[in-house]
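A.B. asks: So the chains spell out like this:
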Amino acid sequence: KQEVTQIPAALSVPEGENLVLNCSFTDSAIYNLQWFRQDPGKGLTSLLLIQSSQREQTSGRLNASLDKSSGRSTLYIAASQPGDSATYLCACTGNQFYFGTGTSLTVIP
Amino acid sequence: EPEVTQTPSHQVTQMGQEVILRCVPISNHLYFYWYRQILGQKVEFLVSFYNNEISEKSEIFDDQFSVERPDGSNFTLKIRSTKLEDSAMYFCASGGLLYNEQFFGPGTRLTVL
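First to last, the sequence lines map onto chains A and B.
Just so we're aligned: 19 in the working numbering is position 19 of the first sequence, and the numbers increase by one with no gaps anywhere.
Just so we're aligned: 62 in the working numbering is position 62 of the second sequence, and the numbers increase by one with no gaps anywhere.
Extracted from the complex, chain A is given alone in its bound form (with noise of 0.2 Å):
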């Protein structure tokens, strides 16, 4: 069964700075993952999405790439904003649909 692991669980940082959010599965036979955030008591929005055949993805200061054969994928935000405290959560796709633990961030004013 797929394992997926968000580190760290929680992120504090000060506006301004840039962060990278990890995500790990196990099995590497997935056909894409995907990036959301979500909002307290609110659905998920869906950020990126990397099939397994990409390496990366970019939206705006948003960047995710993913190595398939290491298990790893990772969100890298650039100028963090107060606006990006949410928390963030990665979710692979394989016959069935893996969500990871998330990572709370807070971006200090």
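Treat the hints as calculated values from the structure; they're not laboratory data.
Just so it is clear, CB atoms sit at the ideal spot from N, CA and C, and this is done for glycine as well.
One thing to keep in mind: the hints can contain errors.
Chain A is nowhere near these chain B residues, computed Cβ spacing over 12 Å in every case [what the hints assert, rightly or not]:
#1 Val-12
#2 Leu-30
#3 Phe-65
#4 Ser-66
#5 Asp-71
#6 Ser-73
#7 Asn-74
#8 Lys-83
#9 Ser-87
#10 Leu-113
Which residues of chain A face chain B? A partial, calculated answer using Cβ under 8 Å [claimed, not checked]:
#11 Gln-34
#12 Gly-43
#13 Ser-46
#14 Leu-49
#15 Asn-95
#16 Phe-99
#17 Thr-101
Use these hints to put chain B onto chain A, whose structure you have.
C.D. replies: Coordinates of chain B only, in the frame set by chain A:
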């Protein structure tokens, strides 16, 4: 921008009662999903649905659960006899292509008393 909607936003029910959670996926999407998130825990996959049948389901999705697409727009999750441990946030998602991006609804918070 099209979005996935879910109703109700909050459902309170007594243990043993049946509940139906409703979702309206994005209109041209073909793949539909249900997930749940127990408070403080991971989002967990329940079931995927394509071409009017279940394509995958997790071990959580036992005989107490069923899904249906009763018409061209709604996608429902039924829990036949709710248990206390069914209390969770239930998310519906839809996608246009297999193994492509999933778009989530805002969720229904189910509270079983």
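A.B. asks: For every hint, state whether the structure bears it out.
C.D. replies: Quick rundown of the hints versus the structure:
no.	hint	verdict
1	Val-12	holds, 16 Å
2	Leu-30	holds, 16 Å
3	Phe-65	holds, 15 Å
4	Ser-66	holds, 18 Å
5	Asp-71	holds, 23 Å
6	Ser-73	holds, 19 Å
7	Asn-74	holds, 18 Å
8	Lys-83	holds, 22 Å
9	Ser-87	holds, 15 Å
10	Leu-113	holds, 20 Å
11	Gln-34	holds, 7 Å
12	Gly-43	holds, 4 Å
13	Ser-46	holds, 6 Å
14	Leu-49	holds, 5 Å
15	Asn-95	holds, 6 Å
16	Phe-99	holds, 4 Å
17	Thr-101	holds, 6 Å
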